[in-house]
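Enquirer: So you can see what is in the structure, the chains are spelled out below.
2 protein chains.
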Amino acid sequence: MAKIVHRRKVQPSAQELIEGILNKDKVALSRAITMVESTNSAHLEKANEIITGCLPYANQSVRIGITGVPGVGKSTFIEAFGSYLTSIGKKVAVLAVDPSSTISHGSILGDKTRMEELVKDENAYIRPSASGETLGGVARKTRETIILCEAAGFDTVIIETVGVGQSETAVHSMVDFFLLLKISGAGDELQGIKRGIMEMADAIVINKADGDNIAKAKLAKTEFNRALHLFPAKSSGWVPTASTCSAYEKTGIDEVWKTISNYFELVKSNHYFENKRQEQSLYWMMETINEQLKQRFYQHPDIAEMLMTTQQEVLQNKRSPFAAAQHLLGHYFKKE
Amino acid sequence: MAKIVHRRKVQPSAQELIEGILNKDKVALSRAITMVESTNSAHLEKANEIITGCLPYANQSVRIGITGVPGVGKSTFIEAFGSYLTSIGKKVAVLAVDPSSTISHGSILGDKTRMEELVKDENAYIRPSASGETLGGVARKTRETIILCEAAGFDTVIIETVGVGQSETAVHSMVDFFLLLKISGAGDELQGIKRGIMEMADAIVINKADGDNIAKAKLAKTEFNRALHLFPAKSSGWVPTASTCSAYEKTGIDEVWKTISNYFELVKSNHYFENKRQEQSLYWMMETINEQLKQRFYQHPDIAEMLMTTQQEVLQNKRSPFAAAQHLLGHYFKKE
Numbered sequence: 001m002a003k004i005v006h007r008r009k010v011q012p013s014a015q016e017l018i019e020g021i022l023n024k025d026k027v028a029l030s031r032a033i034t035m036v037e038s039t040n041s042a043h044l045e046k047a048n049e050i051i052t053g054c055l056p057y058a059n060q061s062v063r064i065g066i067t068g069v070p071g072v073g074k075s076t077f078i079e080a081f082g083s084y085l086t087s088i089g090k091k092v093a094v095l096a097v098d099p100s101s102t103i104s105h106g107s108i109l110g111d112k113t114r115m116e117e118l119v120k121d122e123n124a125y126i127r128p129s130a131s132g133e134t135l136g137g138v139a140r141k142t143r144e145t146i147i148l149c150e151a152a153g154f155d156t157v158i159i160e161t162v163g164v165g166q167s168e169t170a171v172h173s174m175v176d177f178f179l180l181l182k183i184s185g186a187g188d189e190l191q192g193i194k195r196g197i198m199e200m201a202d203a204i205v206i207n208k209a210d211g212d213n214i215a216k217a218k219l220a221k222t223e224f225n226r227a228l229h230l231f232p233a234k235s236s237g238w239v240p241t242a243s244t245c246s247a248y249e250k251t252g253i254d255e256v257w258k259t260i261s262n263y264f265e266l267v268k269s270n271h272y273f274e275n276k277r278q279e280q281s282l283y284w285m286m287e288t289i290n291e292q293l294k295q296r297f298y299q300h301p302d303i304a305e306m307l308m309t310t311q312q313e314v315l316q317n318k319r320s321p322f323a324a325a326q327h328l329l330g331h332y333f334k335k336e
Numbered sequence: 001m002a003k004i005v006h007r008r009k010v011q012p013s014a015q016e017l018i019e020g021i022l023n024k025d026k027v028a029l030s031r032a033i034t035m036v037e038s039t040n041s042a043h044l045e046k047a048n049e050i051i052t053g054c055l056p057y058a059n060q061s062v063r064i065g066i067t068g069v070p071g072v073g074k075s076t077f078i079e080a081f082g083s084y085l086t087s088i089g090k091k092v093a094v095l096a097v098d099p100s101s102t103i104s105h106g107s108i109l110g111d112k113t114r115m116e117e118l119v120k121d122e123n124a125y126i127r128p129s130a131s132g133e134t135l136g137g138v139a140r141k142t143r144e145t146i147i148l149c150e151a152a153g154f155d156t157v158i159i160e161t162v163g164v165g166q167s168e169t170a171v172h173s174m175v176d177f178f179l180l181l182k183i184s185g186a187g188d189e190l191q192g193i194k195r196g197i198m199e200m201a202d203a204i205v206i207n208k209a210d211g212d213n214i215a216k217a218k219l220a221k222t223e224f225n226r227a228l229h230l231f232p233a234k235s236s237g238w239v240p241t242a243s244t245c246s247a248y249e250k251t252g253i254d255e256v257w258k259t260i261s262n263y264f265e266l267v268k269s270n271h272y273f274e275n276k277r278q279e280q281s282l283y284w285m286m287e288t289i290n291e292q293l294k295q296r297f298y299q300h301p302d303i304a305e306m307l308m309t310t311q312q313e314v315l316q317n318k319r320s321p322f323a324a325a326q327h328l329l330g331h332y333f334k335k336e
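Chains as they are written, first to last, in full-length UniProt numbering: chain D, 1 to 336; chain V, 1 to 336.
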């Protein structure tokens, strides 16, 4: 017995974690994700080994992005939606991309107690947003976590984002289907949802269609359906739709899933699905390269020192933006 | 006489071109723009000198972006709109951002004969899109051309883009007001306008509201006005509107200008105007840096050689996008 306890304290090897993940062991999965999220450079190598080992078993899930401003009921919706999915035999992983989650502002997953049912569900796995200072870093970690969850047998991956910053574009680039959650009436327009998100959405779901709200929600649905047909056609061939639900009363949830299933049927038959996934993979490779080239540039001590002055010269029309860029780049390439 | 001819063959100096531009000489302006567009590195230095000389006199115009897919009548609209503006005393420069214009596909300005009236108008200046292989390059040249036109006394700068590619985002980042030109009925949805453009627009103008088309155009206007209020609020405080016009019959053109004038009145009083311009200047500085860091990376002979294989490994799930990026970056930073 003492021997076992002792063994447990030894950090499992990458190979052991891979085996654990493939055996659908949630503890191994969580430990591997912790490696992926670590900023320790020794962990980075181990994380890469785990991911490489899991990659051949990944990619078998559907990836659904869910966004909406605080107050639309995202946590209640994901609780209801996730529970519905496990009830029809799905294995559901819920992740989040929220660079602000360190201060736990707006992130539903920062407060797991709001998803009591799903947390206890053995066919669900909930992981809060990775912490990190840059969206790029958080997004990268989430993207690799998707791979690990898929290798662990989760066939439906839900990625939640808070809907007010740059995160939606990042999430949009890592999911197959993008769902915008709204409520009827005023309020959510005022809460600063980013422009352009509506046109990214594959479905708009109007939540809180219950009690006195039903008529208003139905009206909003009609309005959105009318507006959606004015948007340019999507290259997926999919025509986005609006629907209503009450996550609280658990109504309309099955319809959301039906819409999503129809979408996957379409994009798998017209090959948009695999094309988009391939594009997304290359996009993330390029994006990572791009981020690191920039980081190295801006963290160069000389650039860090020159930047403020040069920006001021641009703002005072003493240098054109292009000449200012040349000025900094010239210095950087000479020094490197 | 012979002496004068001889003198004319000597290339004017940067200082002479600056003086010419400030004296509102269109020949000097055209020559300076040619310097800005040149790929010759000796010209680059001269171009920078000219721009630096013009910068203190720039920034006094309103910059209007106009987009719409081929077939909506952009050239006729700009002809009518530009002529209207000169008739009320404006000095109008018309530029284009269209990386594909070398093959003259879709660019209205490739075919100046379509804007007969404006071409002859002494208070108008029309310059086709700079040629170039990358959007970044073309966009940079256009942005610097705006500065030269403003220094030459043009108080209204119109930038036209074809509306089907990435160019709209670039144009959106260099103008104060963004106008989307459409026609009623089917057709233009099918012509591949990029999603997200509608949410960028400050106004939607439905052209060809003439003859049998009037009723359909009015209906489209109503539908768009209904849809536009569903969009999230703009940080400018401006509420985009839809209107109709007939560029052919020159009706509704004054209303478009009235809308634009109202916009400028609003954003100048709430200081959004100058804040956005400052943001745009810094954006273009960063964007230029970013472009050149990437260019240097991808043009490195080792990277060019490794890239294809690495991409294949990503697509075959042998490397994760992140590991692939690390692989290429590791090699690049070691070699540089």
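Do not take every clue at face value.
Straight-line C-alpha distance at most 25 Å; calculated DSS-like pairs for lysine-lysine [to be verified]:
#1 D:K268 / V:K318
#2 V:K221 / D:K218
#3 V:K294 / V:K334
#4 V:K234 / D:K221
#5 D:K46 / V:K318
In short, the hints are calculated from the structure, not lab data.
Enquirer: Work down the list of hints and note, for each, if the structure agrees.
Expert: A quick look at each hint next to the structure:
For the proposed pair D:K268 and V:K318, the alpha carbon gap of about 23 Å is at most 25 Å, so the pair holds. At roughly 24 Å between alpha-carbon atoms, V:K221 and D:K218 fall within 25 Å of each other, so this suggested pair holds. Restraint check: the Cα-Cα separation between V:K294 and V:K334 comes to about 17 Å, which is no more than 25 Å; the hinted pair holds. With a C-alpha separation of about 22 Å, the suggested pair V:K234 and D:K221 falls inside the 25 Å cut-off, and the hint holds.
Using a Cα cut-off of 25 Å, the hinted pair D:K46 and V:K318 holds, with the two alpha carbons roughly 16 Å apart.
Hint violations for this structure: none, all hints satisfied.
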